[in-house]
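J.: Following the hints, put chains W, R and S with the ligands in place on chain L, whose structure we already have.
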Amino acid sequence: MKARVKVMPKKSVLDPQGVAVRDAVAQHGLPQVSSVRIGKFMEIEVGESGPEAEAKLHEICRDLLSNPVIEDYELEILA
Amino acid sequence: MKARVKVMPKKSVLDPQGVAVRDAVAQHGLPQVSSVRIGKFMEIEVGESGPEAEAKLHEICRDLLSNPVIEDYELEILA
Amino acid sequence: MNTAVHLPQDPEITPEVIARHGITPEEYELIEKILGRKPNFTELGIFSVMWSEHCSYKNSKPELRKFPVTGPRVLVKAGEENAGVIDIGDGWAVAFKMESHNHPSAIEPFQGAATGVGGIIRDIFTMGARPVFNLNSLRFGNITGDDEVARQNRRLFAGVVEGIAHYGNCIGIPTVGGEIYFDPSYEGNPLVNVFCLGILRHEQIARGAASGVGNPVFYVGAETGRDGLAGAAFASRELTEESKQDRPAVQVGDPFKEKLLLEACLELLATDAVAGIQDMGAAGLTCSTCETASRGGTGVEIDLEKVPKREQGMNPYEIMLSESQERMLIIVKKGKEQIVCDIFEKWDLPYAEVGVVKDDGMMRVKVGETTVAEIPARQLADEAPIYVRDATPRPAPVPLAEVPGTDIAAALPALLADPTIASKNWVYRQYDHMVRLGATALPGSDAAVFIVREAGKILAATSDCNAAYCQLDPREGAKVAVAEAARNLACSGAVPLAVTDNLNFGNPHKPENFWQLRECVEGLAEGCRAFDVPVTGGNVSLYNESPAAAVDPTPTVGMVGLIAKESHVTTSEFKAEGDVIFLLGELGDEMGGSRYLQVLHGRKEGVPPRVDFDEELALHDTLRALIIEGLVRSAHDCSEGGLAVALAESGIATGQPLGAEVDFGATGLQPEVLLFNESQTRVIISTTAEDADAAEGLANERGTPVRRIGTVGGGKLRISADGQTHEWEVAQLRDQWYNSIARCMAGGQ
Amino acid sequence: MKAAVIRFPGSNCDQDCYHALQESFGVPTDYVWHKESSLSGYDLVVLPGGFSYGDYLRCGAIARFSPIMKAVVDHANAGGLLIGICNGFQVLTEARLLPGALVRNRSLHFICEHRFLRVEATDNPFLSTTQVGQVLNVPIAHGEGNYTADAATLAELEANRQVLLRYCDAQGNITEAANPNGSASNIAGICNAARNVFGLMPHPERACDPRLGSTDGKVIFQSILNTLGFRAVA
Ligand SMILES: Nc1ncnc2c1ncn2[C@@H]1O[C@H](COP(=O)(O)OP(=O)(O)O)[C@@H](O)[C@H]1O
Ligand SMILES: [Mg+2]
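Protein chains in written order, with our numbering: chain L, 5 to 83; chain W, 5 to 83; chain R, 6 to 754; chain S, 25 to 258.
Among the hints, a few may not be true.
To be verified - Within a straight-line C-alpha distance of at most 20 Å, the following computed DMTMM-like cross-link-like pairs (lysine to aspartate or glutamate) qualify: (1) Lys339/R to Glu350/R; (2) Lys314/R to Glu49/L; (3) Lys341/R to Glu272/R; (4) Lys59/S to Asp347/R.
As the list claims (entries may be wrong) - Simulated DEER-style distance windows between Cβ atoms: (5) Lys6/W to Gln155/S: 20 to 30 Å; (6) Tyr55/S to Thr276/R: 14 to 24 Å; (7) Arg534/R to Glu47/S: 17 to 27 Å; (8) Arg534/R to Gly33/L: 49 to 59 Å; (9) Gln31/L to Glu582/R: 43 to 53 Å; (10) Thr199/S to Arg206/R: 48 to 58 Å; (11) Pro35/W to Glu80/L: 20 to 30 Å; (12) Ala747/R to Ala194/S: 16 to 26 Å; (13) Glu58/W to Glu37/R: 50 to 60 Å; (14) Gly340/R to Asp76/L: 54 to 64 Å; (15) Asp76/L to Gly373/R: 47 to 57 Å; (16) Asp98/S to Ala736/R: 50 to 60 Å; (17) Tyr55/S to Asp76/L: 51 to 61 Å.
Calculated from the structure, these hints are not laboratory results.
Computed from a predicted model, the values in this text were never measured in an experiment.
Even for Gly, the Cβ is constructed at its ideal location relative to N, Cα and C.
Isolated chain L, as found in the complex:
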């Protein structure tokens, strides 16, 4: 099974890196930049597959790969 996980900082949470990059983008020729948010992108390959493995993967996304206090995740199962 292959999967992709996107983990983004919650809208309400401070994203210091996003803020810094936004300022740098503005300096770099796009002064009208209004927002940059920076998260993580993960590509995962596992031997397991089937609904049970998918459920497990969701659990892993929630408990390990993201921190629900500050982040949301999206899991996409590819094959």
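T.: What follows is chains W, R and S with the ligands alone, placed relative to chain L:
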């Protein structure tokens, strides 16, 4: 203009973070995990638009948002 | 014998292939003679890395033999092992060394610098020592201004500092000191020299020899990937069809892995299971197998099928030349294999038994039953051809006709804001310098002072080199580097023990560059003899060229000293109002190569300051005598920027800056010369008012020039001489000096 | 009494914490390897600083699942004293033993320097020997010490007086300039509602020896020892 940028470590560059997470995923109930690669995902909103702004954004992806020596980026322009 | 096969997928050995490996036709002939046949592709690759300058020192070895390397404290000599080892008393010893990662840092500053730190740390724990602190010596092009060059230099500078911080902080070894210079000669070719010191008991010294025929050879640490391959001296196109993209020259460091490797290796070395141990640095598996065999006078046979790999389909050439980080080779005493397995299991690290020690002097590499390389280990490791290059002297420096004047009121703040002189807090606050509870003099003083708790010892360490002086006069500049290092130690209350050096020069095939290298080595050697400090090891980095020319010759000196008692620890900042200020040494008058000329007049010229080692040593001895008597509250050496900068720095080093009232009386010197000359052998000290007479008396008694020049106190630095007075608000001076680099980094100036 | 210093792979202040407890205060202290599963017999558990699992993914995210953490949670739930310093604090938030999270410093730089902290509450085992408003000089060394939590959580922390330390200036003023990392409300350390679990970014173990510039960290260890009724022998 809204855009999404995905920045991933190049294929054969060591991704120590991915390795550490792979081991953690294996411990977490998916022992057959074979690979985890971790990159960045950015959501960008800029006031500018048009081909010139897009070209600029590509330049920013290359020079600022990614490190071409060890990373590849994908830029997706949404609107 | 000599049965290595030609693998069908390997390219033919053509003159082009040989040339691309950086091997000359003569060297190739020698290879054929050693083997008694043609090398195959893997063997050619192995020779190319072992006989590169980096591994063989083929261009610098005859010069390096000029260093003094022996002494009563030397337990392991330079060149014998991965790092020299020096006795510090009571059964304790230190292992330390400096290494460069200049070119990798130019390509990728963060990872280049990070893996440099990782490499030097492995060199130290390979000796059986626990690493206790790091230093770093850095050179970049100019970082001030808003042009593209300055921006690029800032990116390099920021990336290097972040990389050093990343690796050192994560692994938990404090980075306690260093030095940084900014000069156009380093544009595009920054210098990144990193230093690590470790502590060990005498009986813990580990050896990098493959001893004991029949002993198993273990590979431990990170898996092997294709890292660093494109960095070797050839194009990678022929290797396989895969794109160049997949062959990164850049190694990515994993300080977490190295932390585990460090702990696991030290735990293993504390058992009696290890016969030999060697890190895999440049030329990884190649270098570690042939060097351990050569040192042991044995042979080593390994099977590449057993090597832990990160990627699939790697061929022998790639595996042997990979520069993947965080790996070690361990020769285990037969029968003690299980100890290794248990420890590496505990630390969750990959390990594998990959080979065995043989008695035939061969480095033999197999893939299963097939021999893919077979080379006499000693000839490969130790008998690379040695070259004595042509040396052409450069013109002698021309004395200055006159010293251009300036607005003195503005000159001191300008010098203090010069990034080379300015406080480096922007850098060292990014380094965890406090972990391990040892940094008693925090970064910012003349030398780093570190309490080594396990040994009950206090060490001082510094790195120094004014390359502008070396550019103008390499021999004298190198002598100054040694003198300044020793002086920084003396100011901290330490007696020098030993030196490591890092020789950073341009292309040695250019006779002028080679001459600089030779002059600097001879200057360093003379200095080390004068202070009676052996050189315990170091590193040579050649081919450092900016677009314009070679970098300024930069023979960085790393010196380590011992402080006998806690009460001798001395720092550079003034302590209290009312304290009396003395100058030990003369007023000086040498302006050649000074920061004053460079910063305020854009001129790097003149005859750089000369050092007289007898006077220098006498001054250090007097300073130490004063410190031992408990008379010294602060001591700061005069270096870049001269007396005025040294006085200012003494007052503004802390958040509560202290002014001073200083009067030099009648000197007959041009004010610029008095204030900013960089003559050597001078130290600013302060004493309490009660101790002032005693201090002056003791210095006089010992025949050391001493001048009572003023008192600490007030909100101003006021300097008078020859009927003129200049004054500055210390708060303003501090701001100029303390925040300058942060301002540059925030964009321009 | 007995103290445990947990060693995760990548911990690097474990020896410093051990030193502070064992050498500076004479507290019998053991290292406990992360693969262990029991903490019985320990009165105080310390999660030390460092880069557990390289701080990969998020600081403390992987360490939180180490085998020993079950015992750490049980220890806390049973009312045992638990202190997480720097990376230990990050592990505690990841393990939800403390609310909120620690994100990148505002400057995006790692920062190592002495900082002033103001004591905000003394009715807890960790600061019982101090006064409210007392200013402590203690080093920080972190890249991700920027405390964040949603408004409700922050309000609750304040209401329960769970904020124990805030970054301040030398006079004890809570100012923007005194905030090294962008932390919400200048928060440097918090405790749980039951007041037996304490997480802080500054390193008190680095401020127990006058030769290192400050001994203000001692009050934290002293408070803990007083609470546990331990009389120093060293
Ligand atoms: N790269 C660096 N890393 C850490 N500390 C540094 C670095 N560069 C300079 N420092 C510190 O700043 C202080 C001043 O350095 P320097 O100007 O080279 O001193 P000196 O002129 O006395 O040799 C020293 O304490 C030094 O250790
Ligand atoms: Mg200096």
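J.: All hints are to be evaluated individually against the structure, with a verdict given for each.
T.: Against the structure, the hints come out as follows:
1. Lys339/R to Glu350/R: 19 Å, holds
2. Lys314/R to Glu49/L: Given pair Lys314/R, Glu49/L holds - Cα atoms ~18 Å apart, limit 20 Å.
3. Lys341/R to Glu272/R: 14 Å, holds
4. Lys59/S to Asp347/R: 14 Å, holds
5. Lys6/W to Gln155/S: 20 to 30 Å: With Cβ atoms ~53 Å apart, the hint is violated.
6. Tyr55/S to Thr276/R: 14 to 24 Å: 18 Å, holds
7. Arg534/R to Glu47/S: 17 to 27 Å: 42 Å, violated
8. Arg534/R to Gly33/L: 49 to 59 Å: 58 Å, holds
9. Gln31/L to Glu582/R: 43 to 53 Å: 45 Å, holds
10. Thr199/S to Arg206/R: 48 to 58 Å: 49 Å, holds
11. Pro35/W to Glu80/L: 20 to 30 Å: 22 Å, holds
12. Ala747/R to Ala194/S: 16 to 26 Å: For Ala194/S against Ala747/R, whose Cβ atoms are near 21 Å apart, the range 16 to 26 Å holds.
13. Glu58/W to Glu37/R: 50 to 60 Å: 57 Å, holds
14. Gly340/R to Asp76/L: 54 to 64 Å: 56 Å, holds
15. Asp76/L to Gly373/R: 47 to 57 Å: The hinted range 47 to 57 Å holds for Asp76/L and Gly373/R, with Cβ atoms some 50 Å apart.
16. Asp98/S to Ala736/R: 50 to 60 Å: 55 Å, holds
17. Tyr55/S to Asp76/L: 51 to 61 Å: For Asp76/L against Tyr55/S, whose Cβ atoms are near 38 Å apart, the range 51 to 61 Å is violated.
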